[in-house]
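Chains as they are written, first to last, in my numbering: chain W, 88 to 836; chain E, 165 to 446; chain G, 1089 to 1256.
If you are wondering where the hints come from, they were derived from the structure by calculation, not from laboratory data. Careful, some of the hints might be misleading.
[As the list claims (entries may be wrong)] Lysine to aspartate or glutamate pairs mimicking DMTMM-like chemistry, simulated, CA-CA at most 20 Å apart:
no.: 1; chain 1: W; residue 1: K414; chain 2: W; residue 2: D281
no.: 2; chain 1: W; residue 1: K305; chain 2: W; residue 2: D328
no.: 3; chain 1: W; residue 1: K150; chain 2: G; residue 2: E1222
no.: 4; chain 1: W; residue 1: K153; chain 2: G; residue 2: E1209
no.: 5; chain 1: W; residue 1: K150; chain 2: G; residue 2: E1193
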Amino acid sequence: MSISRREFLESAAAASALAALSGLPRPVQAAGGEKWVKSVCRYCGTGCGLYIGVRDGKVFAVKGDKDNHNQGFLCLKGFLLPQILTAPTRCLYPMIRKDGKLVRASWEEAMSLVASKFKEAIEKYGPDAVAFYGSGQGLTEETYVANKLFKAGIRTNNVDGNPRLCMASAVGGYVTTFGKDEPMGCYEDIDHADVFLLVGTNTAEAHPILFQRIVRRKEKAPGTKVIVMDPRRTPTARIADLHISFKPGTDLAILNAMAYVLVHEGYVDEEFIKNHVVFGEGTETNKSFEDYKAFLAKYTPEKAAAIAGCKAEDIVTAARWFGARGKASMSMWTMGLNQRTEGVWANNLVHNLHLITGKIGTPGSTPFSLTGQPNACGGVRDGGALSHLLPYGRLIANEAHRKEMEKLWGVPEGTLKPKPGPSTVEMFQKVEAGEIKCLYIMCTNPGQSLPNVGRYRKALQRDDVFVVVAEAFHPTRTSELADVVLPAAAWAEKEGVYGCAERRYQLLEQAIPPSGEARPDFEILCDLGRRLGLGHLVPYKTPTDIWNEILTVCKGTVYDFTGMTRERLRQAHGLLWPLPTPDHPGTNRRYVKGEDPFVPADWPHRIKFYGRPDGRAVVWMRPFKGPEEAPDAEYPMYYTTGRVIEHWHTGTMTRTCKELVHANAEAVAELHPADAQKLGVKTGDKVKITSRRGSQVFKVKVTDTSRENLVFVHMHDDQHLCNLITIDALDPISKQPEFKVCGVKVEKA
Amino acid sequence: MNKPRRWTPLRRSVQLAVALLYLVLPFLNRWGLRGFMGNLASLKVGPVDLLEPAVALSVVLAAGKITASLVLALLPVVALAVVLGPVFCSWVCPWGLLSEGLDYLKIRTLHLHRTWTADGYRKLRPLRMAALLVFLLASSVVASPLVALLAPPRLVTALPQELFYLSVRPVVTGSVLLLWLLAELFLPRRWVCRALCPVGALWNFLRLPWTLQVRFEPTLCVDPKVAPCHLHCPWGIDPRSMGRFDGCTNCLRCVEGCPSTALRAGFGKPMDPPVRTKKVST
Amino acid sequence: MKASRRGLFPALCGRVPLRPPGARPEPEFAALCIRCNRCITACPYKTLKPASWIYGERAGTPLVVPRKIPCYLCMACPPVCPTGALDPITDKRAVRMGLAVVDPESCFAHQGILCRTCVDECPLEGEAIYQDGELKPVVTEKCVGCGVCEKVCPVAEPAIVVRPRGDQ
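Chain W with its partners taken away, still in its complex shape:
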């Protein structure tokens, strides 16, 4: 019997290897062999599918999932993921600050301390004395538990997350224009687009796999035009047929001028406007197309070019390409538009271009916001883990929504507070003011990533603020400030769902047990809940328990993905919601009749923007105002930050990969040759960059990638904090800070 059993196992091993090669889902573990576990990349919001190779209980490789949207491709960061699991900076046991130093502690000791501090703060100062700061990198289940625990259990709306720093303006743009968050298009639109408008995005470095898809589209259809609007001549701009470089913060003028050209040169789809569009100004949607035309008169290409410091004829060309009849136009943007005090408005203006030309909802025509984090969409935006949201499109300020959630969560009516909590920056300002006494930070690094970070680092260091950091790595620039550090299980060490930029939900399966004493974040949160006497709200044993509850919560909303059972997620290589029934294939293009299950079959038009009560999207008249802090005599240069391909976010993970550090060791200040000459510096010299908020010394890289009078620094270096300099001014609608523009002076150091 034993012999035949071994034979059986060997054949199973062979089968599993084969299954791995052919990309079959769920290869089984064979005795002593290796297994390939289906998962998703830990890094950007592209959400590339991959398989994690496990041998002897260790992750030894990853490979791209050929059956997922990335067609087996990964970028270098993703390929090197196995290294982060064994990095020397992994946080392996709980730590408590004693006499100013973080020392090892037991889980029991750490958790009872956290629970007692939270209890004390809540009893003494009320529930709003505690806060949760989450992440677009936490799994959907984890973020859901935290959101429920704090809003329904502790009864505070002090719940926000780092998507406030990256996606809030995109959310604001979608919600104000279409009534509901999340793009209506999908990655597949790239394969059909004839014109790409890439504005404020360095896709080549921030979303390499999507960039690759654009490049392939361009190769396949040689007439494809790529318009890149970015102050810097980024690697993305190198494939551009037209690159418009402009003064940072002036793109609203350019986008309005493009609309001016579209309107005045006859590219407008009047039929579409008649059926699907209303015009608005401020918050009212009572304007007409004629009002809109009058508004645009201020933005002739010449006037916009004078404001933006670019060529008027380039704006005209861009508009003509974008508006060309019979061509599919796809726009994409990231932080260049979002991280702005006019971020929501800039988003509105991109949507306007699609709405007035009717280039929306057909293959290749869509305004598509690219996301920076792997689960900003799925976990935080959809999951409603922001201070003004409840899960799946519900609002805290809306009484009906609150009541609905109270019922779903089984808590008494009136449990949920009606007043939205503070947004991220406001939350840390409350920490600074001493109003928030206990802060639970999960899976993110605000000690490096907040704007004007020097100010908020000081706030986190207040003696009367108790900071808990649950993180898979230590030290980070946040965990070094913590009072308690809790070791969280890392990617591959836990199971859960990520939702990426195109409404695609995918399951990350657990490949290996957590390192050291680390625990999955949901377990830590459930433990905290029990210790606070709220165990009945968080009774979960497995992530599947949580997911099943989430499915009941999304039911009946326009997000409905009830058909995404755990088992279906395990089999599938990503599913796009809405997906209301187990046999629904998922929705590539939202709002489109025949594709979106929420557009009635008898709807007279091809599209219905059902997010708004009148079924129409809004063309907003958004004037150009300019950034909060434009350069002046004292701080004469523009300062902007961004990504490079080798690293990701605060570098907590990528800076543990030797290959990535070799390729890009530290943040450098990219200066235009003319500026370098004025300053008398060359590549390798050091400069001190100073703003009204702080200063930092960087090495110089002289490159004509940069625009004159603009200095760029990448944001991934924990030793050279670019955010000591950035401004913490907020968009009044989205509350997203203006990381992308401020005034600085640059001196030779």
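With chain W fixed as given, assemble chains E and G onto it according to the hints.
What follows is chains E and G alone, placed relative to chain W:
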């Protein structure tokens, strides 16, 4: 009769100044001085390029061609050699200074005779020529200017450059210098300069009949028979009997040591044919 | 040139150093270089180093080890050469130090791993190295051989290396 001028203090000052310059130059270069750079293979002084003639000849033979920039850089140096004689060895070269110092130490510590055989310098002439020929021929064969690679003047001025400015480990320069130092210690007195160094050998050949040189006026000599002129000479040359290519480097030590005014440095009519004194044995 | 004039030791050890920008083709460069170190002194990036004995009689001549410090094409060295071993060029696009060669066996991009570090860092920005339809790096004849790509390549044993044009 005027007491002849004391040349040695002046010469030492010049030698020390040059040596010091090459010690300091790396630091000056590091602080941004760009107008003066290089070593004793080639120097840049402001806009003027200077090239050491033996190195240049070795390059010409190695490359099999002459370039205009080469000739241009050579002209001022050759002019100096033609006017003042092979002063490079005795007045400029830091290795020369080092060699003189080592020679002095060798005599002191090993208690060698301070004396030279009177016609030893003449026997070295073929060896010196052979060494030069070997250097030049070998340069041509391996197609690489070996004088530049191996000659002590460049090595000794490149060493501080590599140590203090370029921050490289001076493996090549150091190893060859070490060999020359060993040669200096174990070969007969000052053979490195007198017989082996291709740089000095070539400078020696750049003498013209009217080049500055020590001239002997027999009628003024106090005691031609026992005159110790060659004992003063750091290379053991007897200025009364030397020929044009016998190796004199115009250090003027003999002139300084002459009790009479029979030895004098001057331009113009050469002492040709040389005044051959009888062999003076010591 | 006759075989004997190609140099003895390089012929034996087969090593051809990567030369500074503007260098004459190899046997000629080695013959003209007088090891005056002036180009090495002129280099603001400490890119140039004197060759060691493994280069035989070419020891002491300047070379570039791109994996350590590549050439940033500031063009400070060509004009200081006294012998014409370096042509006094000033246009970085005229430089022909070498040619970058991609090893498809180890290059990430060739394994379907999207990596574009070499393309992004190339100082000629798309002229010397570009990505083909499959986003694999392709080196063009315009490559000057500065070695920045070799320096930044994330593969431990760089997958893109500069072959000196020297003796080719």
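Going down the list of hints, with the structure as the test:
no.	hint	in the structure
1	W:K414 with W:D281	holds, 6 Å
2	W:K305 with W:D328	holds, 11 Å
3	W:K150 with G:E1222	holds, 17 Å
4	W:K153 with G:E1209	violated, 29 Å
5	W:K150 with G:E1193	holds, 17 Å
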